[in-house]
Structure formats: C-alpha cells, structure tokens
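Student: Protein chains in written order, with our numbering: chain U, 1 to 141; chain D, 1 to 229.
No lab work stands behind these hints, which were simulated from the structure alone. Nothing false has been slipped in among the hints.
Taking lysine-lysine and the PhoX-like style, the derived pairs with C-alpha atoms no more than 25 Å apart in a straight line are: (1) D:Lys86 with U:Lys45; (2) U:Lys48 with U:Lys61; (3) D:Lys86 with U:Lys48; (4) D:Lys175 with D:Lys92; (5) U:Lys61 with D:Lys28.
Below, a sample of chain U positions facing chain D; criterion: calculated Cβ distance under 7 Å: (6) Pro29; (7) Asn31; (8) Leu38; (9) Pro49; (10) Leu63; (11) Thr96; (12) Gln114.
Glycine residues also receive a C-beta, built at the ideal position from the N, C-alpha and C atoms.
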Amino acid sequence: MRIPLQLAVIFAICIAGEVLHRVVGVPLPGNIIGMVILLILLCTKVVKPEHISGVSSFFLKYLALFFLPPSIAIMTVGDDVLSKWPLLLFLCIAFTLVTIAMGGWATQFLIRKQEYRENMALRAERLARRAAQNKTEGGKP
Amino acid sequence: MNAIINSPLFGILLTLVAFEIGVLISQKFKYSFLNPLLIGNILIVGFLLITGVSLESYNVGGDYISVMLSPATVVLAVPLYRQIQKLQHFWKPILAGIFTGSLTAMACVIVAGKLLGLGKVLTLSLLPKSVTIPMGSVISEQIGGIPSVTIIAITVTGITGAVTAPAVCRFCRIKHKVAQGIAIGTASHALGTTKAMEMGEVQGAMSGLAIGIAGLFTAVVAPIVIELL
Numbered sequence: 001m002r003i004p005l006q007l008a009v010i011f012a013i014c015i016a017g018e019v020l021h022r023v024v025g026v027p028l029p030g031n032i033i034g035m036v037i038l039l040i041l042l043c044t045k046v047v048k049p050e051h052i053s054g055v056s057s058f059f060l061k062y063l064a065l066f067f068l069p070p071s072i073a074i075m076t077v078g079d080d081v082l083s084k085w086p087l088l089l090f091l092c093i094a095f096t097l098v099t100i101a102m103g104g105w106a107t108q109f110l111i112r113k114q115e116y117r118e119n120m121a122l123r124a125e126r127l128a129r130r131a132a133q134n135k136t137e138g139g140k141p
Numbered sequence: 001m002n003a004i005i006n007s008p009l010f011g012i013l014l015t016l017v018a019f020e021i022g023v024l025i026s027q028k029f030k031y032s033f034l035n036p037l038l039i040g041n042i043l044i045v046g047f048l049l050i051t052g053v054s055l056e057s058y059n060v061g062g063d064y065i066s067v068m069l070s071p072a073t074v075v076l077a078v079p080l081y082r083q084i085q086k087l088q089h090f091w092k093p094i095l096a097g098i099f100t101g102s103l104t105a106m107a108c109v110i111v112a113g114k115l116l117g118l119g120k121v122l123t124l125s126l127l128p129k130s131v132t133i134p135m136g137s138v139i140s141e142q143i144g145g146i147p148s149v150t151i152i153a154i155t156v157t158g159i160t161g162a163v164t165a166p167a168v169c170r171f172c173r174i175k176h177k178v179a180q181g182i183a184i185g186t187a188s189h190a191l192g193t194t195k196a197m198e199m200g201e202v203q204g205a206m207s208g209l210a211i212g213i214a215g216l217f218t219a220v221v222a223p224i225v226i227e228l229l
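Given these sequences and hints, build the entire structure.
Tutor: Printed below as a string of structure tokens:
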C-alpha cells in the first residue's frame with residue numbers, strides 16, 4: 001500500500017480506539033485499544049504486516065522521537081518533585097533490579113515445572129510403548 | 001521574532017535537531033546511559049531555559065510530534081504479532097512471569113510511596129514506570145499522575161535495565177533464555193529490549209513480547225491498584 005493509505009489505516013485505528021474509549025467507555029487508553037484492534041486485524045489476516053510495513057517500521061525505528069516533546073513538560077514540575085530527584089533516581093534503579101529478578105524467577109520456575117511435566121509425560125509414553133512392544137514380542141515363541 | 005518562535009516549525013525543528021544530536025552522541029560513545037531521549041530532553045530544556053523561550057511556544061510545534069504517540073503505540077501490535085507463535089508453547093509461564101514482574105514493579109512504588117511519604121501524585125506518576133512510554137504516559141495521565149515525570153522515570157528505568165540486565169540475570173541465576181527475555185521486557189520495556197536482543201534472539205523476541213503484555217496488564221490493573229492507596 002502507498003504510504004498515505006498506510007497512514008490513513010493507522011490513524012483510523014487510532015480514532016476507532018479513542019471512540020471506543022470516550023464514547024463507548026472501554027476502560028483502557030485509546031491508543032492501547034488501537035493496538036489491540038491492529039493485533040486482531042493482523043491475527044485475522046484482514047491486515048497483513050507488509051500492508052503497513054512502511055509506516056510501522058518508521059514509527060518503530062524512531063519511537064523515542066515521539067516521546068521527546070511530552071518529556072519536556074518536566075520543566076513544569078514543582079520544586080517539591082525536583083528536590084527529591086536523588087531519591088527518585090535511586091528508587092527507579094533499585095525497583096528495576098527487583099522487577100527483573102522477580103519476573104525472571106517466576107517465569108523460569110514455571111517453565112522448568114512445565115518442562116519437567118512434559119519430560120515425564122514423554123518418558124511415560126516411551127515406557128508404555130516399550131511395554132506394549134515387549135508384550136507383542138513376548139507373545140511370539 | 002515572536003512570529004518565528006510561535007510558528008510550529010520552530011518547535012518541530014528544535015525537537016528534530018535535539019533528537020539527532022542525542023542519537024549522534026549515543027552512537028559515538030556507546031554508553032547505555034547516554035540515551036538519545038535523555039540527551040534530547042536535556043538539550044531542549046537547556047535551550048529553552050537559556051533563551052527564555054516559553055514551553056508554550058515550544059509546544060506549538062512539539063504537539064505536532066506528540067500527537068504521533070498514538071499511532072506509534074498502535075504499530076507496537078506488529079512486533080507483538082510476529083512473536084505470537086513463540087507465545088503458544090510457554091504461554092502460561094510467560095503470562096504468569098509478566099504479571100509477577102508488573103505487580104512487583106507496582107508494589108515497590110506503592111510501598112516506597114507510603115514508607116517515604118512521596119505523596120499521592122508522585123506515587124501515581126511512578127506507578128507505570130516499567131511500562132513502555134506510549135502506554136505509561138497515558139496510564140499516568142489516566143490515574144492522575146504527571147506524565148512528564150512518568151516519562152523521565154520510564155527512561156531511567158529502561159536505561160537501568162539495559163545496563164544491568166545481564167549482571168542481574170547472572171546474579172539471580174536466571175538462566176533460561178525465555179525467562180531472561182520476559183524479565184527484561186517486563187521491567188525495562190523497549191530500552192531494555194535493545195540489550196535483550198544483544199543477549200540473543202530468543203531473549204530479544206521474548207522481551208519485545210513482554211513490553212506489550214506488561215503494558216496492557218498495567219493499564220488494566222493500575223486503576224484497581226490505586227484504589228488501595
């Protein structure tokens with residue numbers, strides 16, 4: 001698709017998300033609803049990734065640029081926030097380490113559990129097959 | 001002169017130049033903490049403070065770029081869609097891991113907010129700090145935080161993840177590649193994902209997957225969690 005049409009599709013999805021949020025009252029931000037809409041369109045193959053690849057790769061590649069102007073509003077925060085910045089910096093760093101550890105441990109623990117279960121199932125299946133084989137072989141003189 | 005400063009082109013040009021300088025500096029020095037967004041922010045704030053141009057004048061143009069946040073979030077569905085096959089096998093551990101990580105991030109902020117007396121607005125601003133910026137800034141706005149504080153907190157969080165992720169995984173014995181990727185993406189969104197991609201293909205893919213799900217989960221849970229405040 002041509003770039004103007006790709007943009008039109010993406011913007012239409014954005015507006016649909018906003019409508020669902022503001023008019024219908026879905027309790028999620030409009031842009032996140034938009035993301036879910038696009039995901040559904042992709043999963044149902046109504047939209048193919050290559051249809052919108054020009055626009056999607058542009059936005060994904062320069063993602064950080066679009067957050068620069070909103071971040072400038074940091075100028076307007078009060079002195080009460082600014083005076084706490086060393087504490088806030090420390091908290092952000094410490095919490096990130098804790099979050100990585102907790103998320104990683106939980107995922108790894110459950111994956112290992114699932115793998116163990118799958119291995120046991122596989123082994124049980126193999127044993128059963130061997131037993132059945134022995135029986136048929138044993139039946140022959 | 002006022003006519004020039006109040007033209008949208010002024011804010012747009014300032015943003016583009018500051019961002020590109022940020023990219024150049026971060027590429028030249030290769031330190032993860034020299035993030036283009038962080039450098040660009042410092043350059044623009046510095047420029048406005050020195051020249052005395054008001055934030056309102058800057059925003060005349062800046063808003064044209066900010067409005068693109070919405071489509072930029074929507075297209076995050078594309079990498080999410082590309083990874084959807086990999087989700088299928090380990091979907092239970094992956095979802096449970098992302099939920100654990102996101103809840104940990106929120107619980108830390110709430111506990112610290114209470115213990116250290118950060119105040120309600122600041123606590124709410126920090127709450128979505130592990131979520132990717134387009135989602136986090138909107139979540140922050142919706143629950144009553146200050147989006148600009150959230151964006152800075154998210155950036156610091158992302159840079160921390162990108163710098164420390166391999167060491168944390170080693171120290172905490174998180175060896176499974178899927179678990180490493182999920183942990184990094186959940187805690188430190190797209191910025192951490194850049195490091196996860198360096199660690200390996202599986203880690204990168206899983207980290208990218210975790211960004212969107214952690215964002216959705218936080219968007220749904222954050223308004224419920226703040227009722228506890």
